[in-house]
Amino acid sequence: MSAARVRARTQPLRFELDGGALAMLEPSHAVPLVSIVVALRSGSAADPAAKSGLARIAMRMLRRGCEGLTAHEIDFRIDALGAEMAVDTSPSTVAIHAQVIARNLDAFVELLAKTLATPTFPQDELERLQRESVAEIVEGRDNDRVVAQKALQRTLFEGHPYGRNAGGTTDSIRAIGRDDVLAFHRRHVVQGNVVIGFAGDVTAERAPVLARRIIAELPRGEAARDDVPEPTLRPGRRLLVVDKPERTQTQILVATLGTSPHDEDHVPLVVANAVFGGTFTSRLMREVRSKRGWSYGASARTVIDRHRQAWVMWTFPAAEDAAPCLKLTVELMEAWVQGGVLPREVAFIQRYLIRSHAFDVDTAAKRLHQALDVELLALPADYYGGWVDAVRAVTPEAAGAAVRNRIHTGDLLAVVVGTASQVLEPLRAALPGLTEASVVPFDAE
Amino acid sequence: MATRRAWLQAANEGVPEAARLVHEGDLPFGGEVVHRWRLGNGLTVLLLLDESAPVASYHTWFKVGSRHERPGKTGLAHLFEHLMFNETENLPAGTFDRKLEENGAETNAATWVDWTYYYESLPADRIKLAVKLEAERMARLVLREPQVKSEKEVVANERRYRVDDDVEGSANELLYKTAFARHPYGWPTIGWMEDIQGFTPEDCAAFYRTYYAPNNATVVAVGDVRERDLLLAIRDAYASIPAQAIPPEDIHPEPPQLELREIEVRKPTVTEKLLLAFKGPALGDADHVPMSVLSEVLFGGRASRLYRSLVVERELATDVRGWVSTFRDPGLFECWGTARDRHTTREIQKVMDDAFARLRDEVVGEQELARAKARLELGLLQQLETIPGKAEQIGFYETVLGDPAHAFHRVEGFRRTTASDLRRVARRYLVDGARTIVRVLPDEGGAKEEAAQ
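If you're matching them up, the sequences are chains A and B in order. Positions in the first sequence are counted from 1; adding 198 to them yields our numbering. Positions in the second sequence are counted from 1; adding 656 to them yields our numbering.
Calculated directly from the structure, the hints in this document are not laboratory data. Bear in mind the structure is a predicted one, so any value in this text is a computation, not a measurement. Check the hints yourself; a few may be wrong.
[As the list claims (entries may be wrong)] Here are the simulated BS3-like cross-link-like pairs (lysine-lysine), alpha carbons at most 25 Å apart as the crow flies:
no., chain 1, residue 1, chain 2, residue 2
1, B, Lys729, B, Lys805
2, B, Lys755, B, Lys784
3, B, Lys935, B, Lys1006
4, A, Lys489, B, Lys755
5, B, Lys805, A, Lys525
6, B, Lys805, A, Lys489
7, B, Lys923, B, Lys833
8, B, Lys833, B, Lys935
9, B, Lys1006, B, Lys923
Could you build the full structure based on these sequences and the hints that come with them?
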């Protein structure tokens, strides 16, 4: 291994391939490893409503049998090459993420190409994967944070594709048939819908050759259309308690609609959010953790996707502190929306965001993922390349206005995972102007 | 540029003993080099110059962890780690984090049985800020009642999150408590709840005076930095901190476990969980490498023996995992299985037991061995992908084994490991009658219906 002097580039190398496919490369020869992403320009938002989880199931089926190889033979070969392969699904894209020891790159690419182009989708393997997926969903109920996030997503975006869980529900997974998987593969795993990324120990000469090999046997096809409508928010203040027995602690998520990367005030909102809950010394952390010791963590984040996504605030206090913590955090949110952010706060967070930018681009894999995001989430072309300048240009007034315009304290959803008999009434009392309160069991989905 | 010898001679001229820099050698670290230095007050400094990105990572590893606590005072090392982010003589509360954030740094810390470490990852041209701040809190921390009280609450909440309301966390705590009757590895690093709530500022101050000293610490700097500049900055910041007499450890080795220890516990969970552990080798023991390969044969990846058997073929489990603890003293070989649907831990255990017996009776085939080794090599390379990752590897192995490049020696060890090594360690460690088993069962009336469909 040698530490060659490679400075961060703003853009990775791009290769336009036949059939409309695109490949990108961020080379780095520091470690003999190669990361490979094979992403589709379509994700779980395209799943049929009653068959959520289809995109993920279909992509996971690729390694469950292909021409000449059984599922076990594929698994064994991946391991023996010193490789890993996993599927990641989001509303806008589903992708295979792989990593391989550089000396085995060619052999791994051969295997990858074969699994993409010639999957056999054996019925028994599909049924096995469905049972496995259902068991994973059931197991996920042990994790209160996961339970809270799922409840938030399906309630905040009820009726919208963003409300569907990318991993599916126990019912939707069981409803998927082999024909659905075949249809997904025929429609989505086509050259025009594929974006390939390499990061690591690959040269600019080899990358396009390997990318062409990966898509060589795929049908041409077109990029998937984005039919997702803009999400809307139900008015009023809602409380949803996800009831789970014997909780000594609660998970509290407070959410409303947030930002779209195409909003003119997107970067000012991100800057204002960083002041509010984006760092260890943010307002939220100071008030909730440092002053009161109520929660180990306290943060707020803006999710980005092709369309407007959620703004989410997260704390996890002890059950007896849940109500005062919810009350405090919503008051802090109101003060933030009404009062905006102070010039010194903006100046501080700008220094943080600009200087820490070095860590957004310090590895080839991170630079590749930024470029993939631009492509797959249809972000403005200079979203990452112009990030530092955009942050620098934010004024306190613009940051305050962005929060006022985008964050609605009157229309919000609070999801609390806890023991309802213990926390429901105190929580109702803690949230003034509540329009709706409901309780669902933790294993509802 | 002056030769290192000439530079060092000039740098040390006329400075007090505690401020003298000593170059202790250069160690190969893969294709790179770790430069080992020592300051007169005993502070070890390990530098790796890596220009691949304009960033640096500054780690401070202390040879203190929960093994240095005593019953009734468990969790002190971890609580103390939290307190290190508070007030110092020259930095009012909150300033430490603000200064770092303002300079684009990420900072955090971790504590475990053998060590505590703190890190800052920051733009390379800001590394001297990390040097200054770390030296400040190594010597001039202020411990007052309000901060200790508030931080105890934070840690109590962390414990609820990681242990009390977490099925796996609580099962793991029970496993170590049951497996270790004498050695401090038996109590949790986060501490028992009643101990956390009982700490006073005096407890914290005594701990600080005892263990936070330059001669009990290693500083690791990795990144796009200039060695000589950085060494002089480290000397300026740390030389005035006196060495302390670190008390000799008062730890009793764990007596050999000669019997099966088995515990059942009920939790609000949907499925049964099995946590089964054999006593394992210390990280520095020559057997640790073959045991790690053995664990990979059984649990590493979808094609491993137990994943394939329990998750893929028989569908008795949702997940299985194995881990050979990387502790300074002998730890455990942990085997974890999450039962699927209405299957039981006993069914999972039966399959695991057959796999253990097969390892004791037969040799592993060459292809299977090669598969396990390839995965272990991949794992190591992944840990070295980032500058903070390299710093962590260097600091960890230096602190636990005194060898910052030990990760690479392990890879060489993996390559040399043979099928007969695996059978030998299987026979030595996988002793069915001398292990600890924790079974987590769902609460009566738990939500089993869904799982059974």
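Hint-by-hint comparison with the structure:
no., hint, verdict
1, B/Lys729 - B/Lys805, "holds, 15 Å"
2, B/Lys755 - B/Lys784, "holds, 12 Å"
3, B/Lys935 - B/Lys1006, "holds, 19 Å"
4, A/Lys489 - B/Lys755, "holds, 19 Å"
5, B/Lys805 - A/Lys525, "holds, 23 Å"
6, B/Lys805 - A/Lys489, "holds, 10 Å"
7, B/Lys923 - B/Lys833, "holds, 17 Å"
8, B/Lys833 - B/Lys935, "holds, 13 Å"
9, B/Lys1006 - B/Lys923, "holds, 23 Å"
The structure meets every hint from the earlier list without exception.
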